[in-house]
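**Student:** Just so you know, the protein sequences line up as chains A and B, in that order. Letter by letter, the first sequence follows residues 1 to 389 in this note's numbering. Letter by letter, the second sequence follows residues 1001 to 1389 in this note's numbering.
Where hints are given, some of them may not hold.
[Unchecked claim] Simulated crosslink set (DSS-like; lysine-lysine; CA at most 27 Å straight-line):
| hint | chain 1 | residue 1 | chain 2 | residue 2 |
| --- | --- | --- | --- | --- |
| 1 | B | LYS1088 | B | LYS1114 |
| 2 | A | LYS263 | B | LYS1266 |
| 3 | B | LYS1353 | A | LYS263 |
| 4 | B | LYS1202 | A | LYS202 |
| 5 | B | LYS1146 | A | LYS303 |
| 6 | A | LYS145 | B | LYS1266 |
| 7 | A | LYS114 | B | LYS1263 |
| 8 | A | LYS330 | B | LYS1145 |
| 9 | A | LYS263 | B | LYS1297 |
| 10 | A | LYS146 | B | LYS1088 |
| 11 | A | LYS339 | B | LYS1145 |
| 12 | A | LYS99 | A | LYS114 |
| 13 | A | LYS145 | B | LYS1088 |
| 14 | B | LYS1114 | B | LYS1146 |
| 15 | B | LYS1146 | A | LYS330 |
| 16 | B | LYS1263 | A | LYS145 |
| 17 | A | LYS145 | B | LYS1330 |
| 18 | A | LYS146 | B | LYS1266 |
| 19 | A | LYS146 | A | LYS85 |
| 20 | A | LYS353 | A | LYS330 |
| 21 | A | LYS146 | B | LYS1146 |
| 22 | B | LYS1146 | A | LYS297 |
| 23 | B | LYS1353 | B | LYS1339 |
| 24 | B | LYS1263 | A | LYS85 |
| 25 | A | LYS146 | B | LYS1330 |
| 26 | A | LYS266 | B | LYS1145 |
| 27 | B | LYS1114 | A | LYS146 |
| 28 | A | LYS146 | B | LYS1202 |
| 29 | B | LYS1114 | A | LYS263 |
| 30 | B | LYS1146 | A | LYS266 |
| 31 | B | LYS1339 | A | LYS339 |
[Said to hold, decoys possible] Far from chain B by the CB rule (all over 12 Å, computed), these chain A residues:
| hint | residue |
| --- | --- |
| 32 | PRO10 |
| 33 | LYS85 |
| 34 | PRO87 |
| 35 | PHE107 |
| 36 | ASN220 |
| 37 | GLY229 |
| 38 | HIS239 |
| 39 | ASP276 |
| 40 | ALA340 |
Simulated from the structure, these hints should not be mistaken for laboratory data. All C-beta atoms in this analysis are idealised placements derived from N, C-alpha and C, irrespective of residue type, glycine included.
Number of protein chains: 2
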Amino acid sequence: MTPDTDASLPQGNGPLAGFVILDLTRVLSGPYCTMILQDLGATVLKVEQPEVGDDSRQFLPFEGDRSAYFALANRGKKSIALDLKAPKDRRVFEALLAKADVLVENFRPGVMEKLGYDWEAIRARNGRLVFASISGFGQSGPYRKKPAYDLVVQAMSGMMSLTGHPGQPPARVGTSLGDLAAGVFAALGIQSALLQRSTTGKGARVDISMLECQMALLENAISRFTLTGTSPGPTGAAHPGSAPFDAFRAQDGYLVITAGTDKLFKTFCGVIDRSDLLEDPRFADRASRVANNAALKEMIEDKLAAAPVAEWLSRLDAASIPAARVNSIKDMVNDPQVKARGAIAPLDGSQLKLACTPVLVDAETYPDRLPAAPELDEHHAEILAFAGL
Amino acid sequence: MTPDTDASLPQGNGPLAGFVILDLTRVLSGPYCTMILQDLGATVLKVEQPEVGDDSRQFLPFEGDRSAYFALANRGKKSIALDLKAPKDRRVFEALLAKADVLVENFRPGVMEKLGYDWEAIRARNGRLVFASISGFGQSGPYRKKPAYDLVVQAMSGMMSLTGHPGQPPARVGTSLGDLAAGVFAALGIQSALLQRSTTGKGARVDISMLECQMALLENAISRFTLTGTSPGPTGAAHPGSAPFDAFRAQDGYLVITAGTDKLFKTFCGVIDRSDLLEDPRFADRASRVANNAALKEMIEDKLAAAPVAEWLSRLDAASIPAARVNSIKDMVNDPQVKARGAIAPLDGSQLKLACTPVLVDAETYPDRLPAAPELDEHHAEILAFAGL
C-alpha cells in the first residue's frame, strides 16, 4: 500500500495482498502472528540473525535436515540475514523500515531501544508504519523485562488453574496457547491499526502481552471470582454451569455429550432409555443438574458402557444432540468434514501437512498447497532490490 | 466509514472508531467477536429476538436480576429488539443493513437463507458490507448443518486429546476456547475484509468454522502426526519437546519452571544445588532430557519439597530462569503486573471486573472502566434514528 512497494516483490493472494510486513520475530508468538498475515495475503520479510537465524530452525522434530517446527509458522515468508549491530546491515534495515507497512518484533522489552529503534526513532523514519511488539508481560509494568515462555503465562494467568481434573497435578492447555493466542491478538491489533491508518494516514504503536492474551481467554472466570470471592477450579471435561456437558466413557472409548438445556436433556434421557431421570428432583433443572453432576454422570456412563462410541454418536445425531468422539489427531485428520473443507493442506517440498489460518474470505475451501518456509537469507537479493539498494 | 453514518450514533474510542457492526449473534462465539470490535472502538448494534433476547441473558451466574455471563461479552453494545420474520421489523433491519459496515451472525447455516438474507441478497442491498458467519463447522461440507457447542469442537479437533494427564479421562481446555477462538478469528477475518475493502471498495463474505479455529491452535500436533504417523497424546503440564519444562510441586503448592535449553538447565541445576546432574548422560542435551523426563522430574521435586513456592521463585528469578506460581484466579487478579497494566477493569453499574481485549494501540494502560451491557431493546429509538426511520 505504501508508494513504490510494488516494484520488486511478488504480491500474495488474499485480503491483505499488497501489505508489507517487516518481521524481526523468533520462535512462536511473533512468527505465528506473521504467518497469519502471510496466509491472508501479506508479504512477510523475515529478518534473521546471520549464520544462526531464528532459534526455532533448531527445534525438533526435523524432516531431513530441516526443522518441521520452523516450517510450520514460517511458510511463505521471505528471509534476509541482517546484523542489526553492523552499520551496513542497519542501512538495509532502515531502507526496509521506510517502505514497510508494519514492523513486528518479540524481543524482550528494551532490546529495540538498545538497537536505536525505539518508537520515536521508528516513527521519525516512517510515519505510516505500524510498530507491533509482543512480549511476555507488555511494554510497561514491573515485569516488563522478565523472560516468559508459554508455560509461564499459562500458569500466571490462571488458565492452568482451570484446566485438568480436580485433585490432580496442574495441566497446561495441551498446545502453546500462551504463544499462539498472543500471535492472533497481535495480528488483530496490527489490522486494527492499519484500519485506523486508512482514515488518519498515521501509523501506531501496538503492545501485546502474552499474559493479558491468556487472561482475555478465561471466559467468565474473572467475573465469577469478583462476584463470589471464590476462585473457580478445574472441572475435567465438564462445564461449570451446564450438565450433562462432559466427556463420558462408552464401551470402546470416550465421547462428549452436550445436553445441558432442559429440552436437550429430555431428549437425551430418551436416547439412553432413562426417561425416569426426568422425574428425579436432582435433575429437574440446569442448576440442580450442575449440583448433582457426579451422580448424573455415573448413571449415564452405566448406560453408555453397553455400546461403542460410534453407535451412541449415531443415536445422538439422529436426536440432534451435539456430541462427538474425543478424536485423536489421526481421527481428526481423516474426518470427512475436515477433508471436504481442505483446512489441512500439504506444504510445498515436504511431506508435512499443516492447518490453514481458519479465515475464509470469499471462498469455500482453503489453498491446495501452502508455500515452503525459506532457507536462511534465501531472498537476500530480492529484498535488497525491494529496498532500492 | 459509510457515508451518513455519523448523524446519530456516538462514536467509540479506538482504532475502529466509526465502523458500524450489525450484530445478530447469540451466546458466546459471535458476541465475543463483536465485543472485541466494540473494545477496539466500533459501534455494535445488537439485534435481539423480541421479549427473550440473547439466550445468554438467562445464563448463570446472576448479579441481582441480570446475567453476569451476558454482561461479559455484551459490554458497550446497543440493543434493538427486532422480529426478522415481521415485515415492519424487516424494513428496519434492511435500513440498518444498508448503512452498516459489517454484518455478523452465528446461526446454524441455512437460517439466514430462510430469512431471505443470503449473501447474494445482502450484497445486492449493500455492496460494501462485510458479511461474517461463525458456525460449528463452516458454511460448506457434510457437517455444515450439524449443531455444535464448545465441547464438541474441542473434542472433534483433537484439542482434548492433547490436554490433561496421560492415563486419565480426557480434559477440556478449562474455558470455552472453542467459542472464544472462533470469536477472535472472526474479528480477524472481518478486519482483513475491511482492509481489502479500503482498496477495492467491495465487501466480502467471511466464513469461520469453530472446528477449524481449534485445529489452527494445535501448534505442531498435525505436522508431527504427518511426519511420524503417530498421534501425540496429553503430557500434563510438560512440553513434548523440552525438559525441564513442567509444573513441579514445592513445599506449599505448584510452580512451573522452564529451563529446557542447555544453558538454562545448567543454571537451574545450580539453583537447586544439583550440579551433579550435568555429568549424567541421561540429561546431557534437550532430546535426552525429554526422553528421561520422569526421572529428572522426580529428582527436581525431591529438592523443591524443601522450600515454599515463593522462595523458589525468588531464587529462580535471581537466576533469570522463567518460572511462575500456578496462580489461582485470585492470585492473578492481585498480581502487581496485572494491576499496573490495568488489564482488568470494572464494569459500569456492576461489581464485576472483566479482562479487557488485550490490544493496546498507542497506549500504556487499558480503560479505567468498561461500559455496561444493554438492556433488551434499550437503544431502540437511537438505532431507528440512525437507520433514518
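**Student:** For every hint, state whether the structure bears it out.
**Tutor:** Hints, one by one, checked against the model:
1. B:LYS1088 - B:LYS1114: Holds, because 17 Å separates the two Cα atoms, which is no more than 27 Å.
2. A:LYS263 - B:LYS1266: violated (59 Å)
3. B:LYS1353 - A:LYS263: Judged against 27 Å, a Cα distance of about 33 Å means the pair is violated.
4. B:LYS1202 - A:LYS202: holds (23 Å)
5. B:LYS1146 - A:LYS303: holds (25 Å)
6. A:LYS145 - B:LYS1266: Holds, at roughly 22 Å.
7. A:LYS114 - B:LYS1263: Holds, at about 24 Å.
8. A:LYS330 - B:LYS1145: Within the cut-off at roughly 24 Å; holds.
9. A:LYS263 - B:LYS1297: violated (48 Å)
10. A:LYS146 - B:LYS1088: Not OK: A:LYS146 and B:LYS1088 at ~59 Å, beyond 27 Å, violated.
11. A:LYS339 - B:LYS1145: Between A:LYS339 and B:LYS1145 the Cα gap is close to 16 Å, so the pair holds against 27 Å.
12. A:LYS99 - A:LYS114: holds (22 Å)
13. A:LYS145 - B:LYS1088: Violated, at about 58 Å.
14. B:LYS1114 - B:LYS1146: Given pair B:LYS1114, B:LYS1146 holds - Cα atoms ~16 Å apart, limit 27 Å.
15. B:LYS1146 - A:LYS330: holds (22 Å)
16. B:LYS1263 - A:LYS145: Judged against 27 Å, a Cα distance of about 19 Å means the pair holds.
17. A:LYS145 - B:LYS1330: Within the cut-off at roughly 24 Å; holds.
18. A:LYS146 - B:LYS1266: Judged against 27 Å, a Cα distance of about 19 Å means the pair holds.
19. A:LYS146 - A:LYS85: holds (23 Å)
20. A:LYS353 - A:LYS330: It holds: about 12 Å lies between the C-alpha atoms, which stays within 27 Å.
21. A:LYS146 - B:LYS1146: violated (46 Å)
22. B:LYS1146 - A:LYS297: holds (25 Å)
23. B:LYS1353 - B:LYS1339: Holds. B:LYS1353 to B:LYS1339 sits at ~12 Å (cutoff 27 Å).
24. B:LYS1263 - A:LYS85: Roughly 24 Å separates the two Cα atoms, so the pair holds.
25. A:LYS146 - B:LYS1330: holds (22 Å)
26. A:LYS266 - B:LYS1145: OK: A:LYS266 and B:LYS1145 at ~22 Å, within 27 Å.
27. B:LYS1114 - A:LYS146: violated (54 Å)
28. A:LYS146 - B:LYS1202: violated (45 Å)
29. B:LYS1114 - A:LYS263: With Cα atoms ~24 Å apart, B:LYS1114 and A:LYS263 stay inside 27 Å; holds.
30. B:LYS1146 - A:LYS266: holds (19 Å)
31. B:LYS1339 - A:LYS339: Outside the cut-off at roughly 46 Å; violated.
32. PRO10: holds (17 Å)
33. LYS85: holds (21 Å)
34. PRO87: holds (29 Å)
35. PHE107: Given that every Cβ of chain B is farther than 12 Å from that of A:PHE107, nearest at about 15 Å, it holds.
36. ASN220: violated (5 Å)
37. GLY229: violated (8 Å)
38. HIS239: violated (7 Å)
39. ASP276: holds (26 Å)
40. ALA340: The assertion about A:ALA340 is violated, with a minimum of 4 Å to chain B.
Hint compliance for this structure: hints 2, 3, 9, 10, 13, 21, 27, 28, 31, 36, 37, 38 and 40 are not met, and every other hint is.
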